[in-house]
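Chemist: Letter by letter, the chains look like this.
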Amino acid sequence: MTATTVDHDQVHAIAQEVFAAMVDGDLGLLLPWDGELPELSDAVVAWVDLLGEWSGRAVLVTGHGTAEDLARALLGLADDDEVSREDLEDAFGEIANVVGGNLKSLLPNHGTLGLPQVGSAVPPLAGAVRVQHLPLSWRGRLLVVDVWFAAPGTLTTPGGNR
Amino acid sequence: MRALVIDDSRTMRRIVSGALENLGFETIHAEHGRAALDHLEAGEQVDLACIDWNMPVMDGLTFVTEVRANPAWRAITLMMVTTESEHGQIVRALAAGAHEYLIKPFTPDAIRDKLDLLGLVALEEPA
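Residue numbers (full-length UniProt numbering), protein chains in the order written: chain B, 1 to 162; chain U, 1 to 127.
These are computed hints drawn from the structure, not numbers from a lab.
Label-pair distances were calculated between CB atoms; the ranges are:
1. B:L29 with U:R74: 42 to 50 Å
2. B:A126 with U:G97: 39 to 47 Å
3. U:H87 with B:L27: 21 to 29 Å
4. U:M1 with B:A126: 48 to 56 Å
5. B:P124 with U:G119: 48 to 56 Å
6. U:A69 with B:P38: 50 to 58 Å
7. B:E53 with U:T65: 20 to 28 Å
The beta-carbon is built from N, C-alpha and C at its ideal position, and this holds for glycine as well.
Make a model of the complete structure from these sequences and hints.
Modeler: Here you go:
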């Protein structure tokens, strides 16, 4: 198994499909980021581990305000509705879960999917290699999708915070 | 008709419930398979269960197996709603007794189409 099993266009297509179906209802609203990447001082990170012969991690990163708006879109809330921390983590985690689950289906030995986790930073994965890095624009705001490849056996137990 | 929506994500429970309620279903929720079995064992009557696969405590495949092992729940239609999209996983779920399989992400129309296949909702006649 190699670290290049998942290619850039496949990851982008999956992210677009997930956002179209769950968030926007339109395939064209998650585009490649154009220009210099802004620094995310208030990052929210959601990730899900792919466990098996091809082990890895799908990671989504965005700003707190963007994660709040994603939660509003998923939960059908108004623009000025408060979003609880619990709702934000659940909604952003579910997006990572669906992206990760669809990435898993591309892998030669599908393995299992961990439960989604959400935090302000992703914990380091010893010896892992980032195999895809997609800075994307959702409604003009930065959302990054990363895919990491880990040595077989590095990730062994489904984690998760819900 | 009544549906039991089983998913560890509150977000996904709300999305699935919203789609079902738009089709006329009344919905109740559970955050994992064990909690869903508790509903059924308490005597809740449902026509349909929409079941996530990967959940803590009890996963969706185990829930399907448990429901199919109880003749009293034979009339419940079971539909997996999950990111598990590999052919082998679909076969496992259907072999365990699931009637249909819907892969996330999905649209409300996709739920409607699946339920129509199951005879649980009538599609509108074309104008």
